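Order-wise, the sequence lines are chains A and B.
If you read the first sequence in the working numbering, its first letter stands for residue 1, the second for the next number, and so on.
If you read the second sequence in the working numbering, its first letter stands for residue 1, the second for the next number, and so on.
Some clues are possibly wrong.
If you want the footprint, here are the derived chain B segments under chain A, 3+ residues with CB under 8 Å [what the hints assert, rightly or not]:
id	region
1	81-87
2	132-145
3	269-279
From the structure, some residues in chain B lie toward chain A, with a derived Cβ separation under 8 Å [claimed, not checked]:
id	residue
4	P78
5	L337
6	G339
Some chain A residues well away from chain B (every beta-carbon gap over 10 Å; in silico) [unchecked claim]:
id	residue
7	D75
8	A140
9	R145
10	A322
11	A335
Derived from the structure by calculation, the hints contain no laboratory data.
For clarity, every value in this text was computed on a predicted model and none was experimentally measured.
Positions of the beta carbon are idealized from the N, C-alpha and C atoms, including for glycine.
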Amino acid sequence: VTDPALTCAFVPVAAWIADRPRVAIPGDAGLFAPRIEGAAVFDLVARLTGACAARRPTTAAVVAALDTLARRLADGAHPLRRRLAADLAAATGATPALVDEELARCAGQLRRESCERLLALELGDPAALDGFVAVPGTTARRCARAPGLLAVFLPGNVFAAGVTALARALLLRCPAVLKPAAGDPATVPALLHELQAIDPSVTAGVAAWWWRGGDPAVEEPLLAAADVVVAHGDDAALAAIHARVHPPARVVAYGPRVSAVLVAREALAAGADALAAAVATDVALYDQAGCLSAAVVAIEGTPAEAEAFGARLAAALADAEARWPAGAEARGRAAAVTAARRTLAMSEGTREWAAPDGAWAVVVAPQPPDVPLPGGRVVVVRPFADLRDVWTSAADEWASQLQAVALAASPARAGALALDAARAGVARICRPGELQSPPLAWPQDGRPALGDLVAWTWWDA
Amino acid sequence: VTPSPPTSAAEAAALDGRILALIGRGEGAPRDDAAFAALARDLFAHQYARNAPYRRLCEADGVAPDPALPLERIPACPTEAFKRHVLTTFPPDRAVVGFRSSGTTGQVPGRHLLPTLALYHAALRASFDWYVQPDGRCSRTLVLFPAPEAAPDSSLGAMLARVAPPGAPGGAWLVPDPVDVAPAHAVLAAAQAAGEPIAVLGTAFSFVHLCDGLEALGPDVRLPRGSRVMETGGYKGRSREVARDQLYAMLTRRLGVPDAMIVNEYGMTEMGSQCYDGTLRAALGLPGRADRVKRAPPWLRSWVVDPADPTREVADGAIGILKHLDLVNRGSVCCLLTGDRARRAGDGFELLGRAAGAELRGCSLRLEQLEGGPARIASRREDGGAGPQAPRSGGGQRSGPPPAGSTGR
């Protein structure tokens with residue numbers, strides 16, 4: 001795609017947007033998007049709906065196309081991977097090495113087995129999207145209705161969220177409009193362009209382009225037509241979306257979360273250096289901006305043991321910084337990060353290690369951290385006499401906001417510790433170092449990935 | 001016989017005396033860097049010894065009192081810390097006032113406890129008189145802010161009450177109603193009719209309300225020559241947001257006050273001193289530069305520093321965040337690290353707004369982003385009456401981005 005207006009837009013019929021006026025996207029990258037508004041939005045939705053009705057792709061075709069896309073993303077030499085890495089770095093301020101690693105990890109979500117696992121887990125038989133299928137163990141049958149129009153408001157701080165959302169929309173094979181954020185306007189359109197080249201039937205019902213959020217000329221017709229709206233945002237952003245979506249249309253909202261690493265005593269003894277390297281990966285990827293980014297490490301041990309691990313983690317973060325340098329966006333928050341670090345240092349018993357340029361910091365805090373976790377590769381290490389105390393310490397507010405936990409524990413204890421985490425509301429549990437490599441089927445915010453988007457009809461045949 | 005060390009009270013009183021003497025020499029007194037440094041080091045030693053949370057920060061930095069300690073190395077306490085720690089050199093229950101910065105939903109308000117108002121009052125009066133009424137007090141004042149009894153823990157309210165006491169002859173305190181500015185109009189019209197200059201003091205959003213209301217009311221007011229405006233702070237969602245130069249153009253149009261007679265004040269709950277534009281002095285033909293570069297008074301040092309390393313001052317013309325060493329903060333922490341972005345401009349600084357806040361965590365959009373802003377928003381201010389710094393409470397404002405060049409508490 002050489003037309004700059006098209007780099008931040010994908011509409012299945014390219015000619016349809018070729019002569020649209022262009023609008024500049026906020027930011028320093030000098031990007032543009034086509035202006036599609038008013039009646040044109042209705043027209044576009046009608047085209048997407050018509051395309052899905054006329055030649056709806058098969059599940060197998062979608063899965064095959066996504067698998068091909070995944071292979072290209074996983075190939076460090078593939079032009080798509082190289083172009084996306086460069087574009088993402090330019091648009092988001094992340095460093096190319098970091099983005100490249102993130103792309104490689106993200107590719108796994110789109111592989112055939114990942115897609116098929118999601119479909120099997122949540123739909124049983126994906127043919128349920130096309131008609132009634134048998135319900136195992138009963139005489140009943142059921143079918144799933146995908147949204148008549150799915151609208152997705154994407155976040156701009158973690159491109160993988162857009163990749164996941166795109167894959168889920170494609171697997172439902174329904175008309176969909178995805179709105180990229182100004183911070184990352186090009187990734188999803190670029191992936192759609194690539195998919196169109198792989199198999200145009202797969203993308204016939206999907207459009208993605210940036211517009212100024214809240215623009216009534218775009219969103220009034222879009223939200224009037226959509227019956228499911230997916231949004232990632234803070235309370236104010238989600239409330240603004242809710243206020244403009246009227247029943248029977250639904251909003252599927254994802255709020256801000258953080259993740260943590262829980263280290264059992266026996267795991268610490270078994271190999272602290274490897275553990276620290278894994279935790280550093282969980283902190284550094286996406287510059288700690290994602291809900292799957294580790295912000296706190298709970299160490300089962302004494303304050304001295306936590307401090308010893310803090311020193312190892314500091315060394316590991318220094319290594320990670322050399323491998324995947326922090327981006328401009330993360331460094332742009334240096335003032336907030338410095339303020340948080342220095343405020344933490346004023347509590348009794350804290351110990352800190354930090355990069356000379358502020359690119360990362362480890363704060364060992366015997367007391368619960370009493371500042372908002374600032375991001376910017378700042379990780380708080382908290383000692384607990386027993387890991388179960390994580391869930392009972394009311395002052396450790398972060399524990400009630402966890403999306404995922406990386407758990408390092410012996411097999412004998414892992415089950416019980418994982419159950420504690422699950423009961424506390426944690427949506428995903430994995431090994432340290434794997435927080436940023438979730439499967440496509442992971443239940444973000446504890447909810448089914450596809451199940452939240454479809455409606456079912458049950459037939460007692 | 002080894003003399004016993006001075007008690008905290010005696011030590012504090014001695015420091016207060018020295019600081020008051022420095023303030024007493026006036027805003028326009030020549031800077032005495034050696035005297036300032038000596039006093040600042042003694043004050044640092046006092047706070048290191050008697051303010052436990054601050055001492056822990058110093059220990060983390062590996063800095064202890066030392067007669068040769070460069071001022072730049074005195075550890076800077078983030079203003080954020082006032083929300084999380086009790087930062088006093090005296091028993092908190094002996095505070096005579098606790099200025100409070102209000103917080104947005106879910107945020108903890110900050111408290112700045114003072115053992116005495118003597119330093120605060122002396123400093124604010126000296127700076128205000130120098131920059132806002134160097135030609136003597138206007139016979140009339142209009143304060144656009146809630147009355148002190150309605151906002152008793154607002155540092156801005158306390159400051160305004162000191163320079164324009166409620167109930168004083170010729171003075172009026174009003175909160176401009178966004179839809180009814182008739183009372184304010186009456187005060188202004190009376191000044192116009194009497195031909196007596198008036199000083200109008202308030203927050204930026206209150207001036208937007210005033211100008212909007214005056215526009216709806218009819219003919220513009222033409223305030224008498226010598227009238228002036230002191231505005232402070234930002235908008236916080238209390239009014240539509242207006243760029244600073246636009247706001248000043250509106251004030252000139254609606255009130256007839258020339259641009260140079262409008263001054264911006266920079267202050268914050270956590271800091272006892274204030275900085276001002278020098279335009280009004282220049283307009284009156286008094287010594288000073290006619291720019292909007294803020295210059296610290298003799299009892300304050302301000303640096304524009306690297307956000308990642310607050311001991312490192314940025315080059316002239318470069319952008320960083322503001323660090324202050326304020327002797328008026330004798331009872332709390334004198335060295336403050338703010339979240340205010342500024343450009344170093346010779347011996348002063350130009351305010352640019354708030355530094356980017358801590359990132360919202362977790363694949364999310366902020367409302368500003370949802371509504372079309374770039375991913376990196378320019379600022380994330382806290383609640384309150386005013387500007388880029390933790391605002392003084394009392395105005396009941398809601399959150400919103402700040403204008404560049406505003407002040408705040």
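Going through the hints against the structure:
Counting residues of the region 81-87 of chain B whose beta-carbon sits less than 8 Å from any beta-carbon of chain A gives 3, enough to reach three: the coverage restraint holds. Under a criterion of three residues with beta carbons nearer than 8 Å to beta carbons of chain A, the stated coverage of the region 132-145 of chain B fails, only 0 such residues being counted. For the region 269-279 of chain B, the proposed coverage by chain A is not satisfied: 0 residues have a C-beta within less than 8 Å of a C-beta in that chain, short of the threshold of three. With 8 Å as the threshold, the beta carbon of B/P78 comes within range of chain A, its nearest partner Cβ sitting at about 4 Å, so the hint holds.
Taking 8 Å as the C-beta contact cut-off toward chain A, the hint placing B/L337 at the interface holds, the least distance being around 6 Å. The interface hint given for B/G339 holds, since its Cβ lies 5 Å from the closest Cβ of chain A, which is under the 8 Å cut-off. The Cβ of A/D75 lies farther than 10 Å from every Cβ of chain B, with a closest approach of about 26 Å, so its non-interface assignment holds. The Cβ of A/A140 sits about 37 Å from the closest Cβ of chain B, beyond the 10 Å cut-off, so the non-interface label holds.
No beta-carbon of chain B is positioned within 10 Å of the beta-carbon of A/R145; the least distance is around 27 Å. Remark: the non-interface label on A/A322 is consistent with the geometry, its nearest Cβ contact in chain B lying 17 Å away (cut-off 10 Å). Distance to chain B contradicts A/A335 as a non-interface residue, since its nearest Cβ pair spans about 4 Å, not more than 10 Å.
Taken one by one, the earlier hints fail for this structure at numbers 2, 3 and 11, listed in ascending order.
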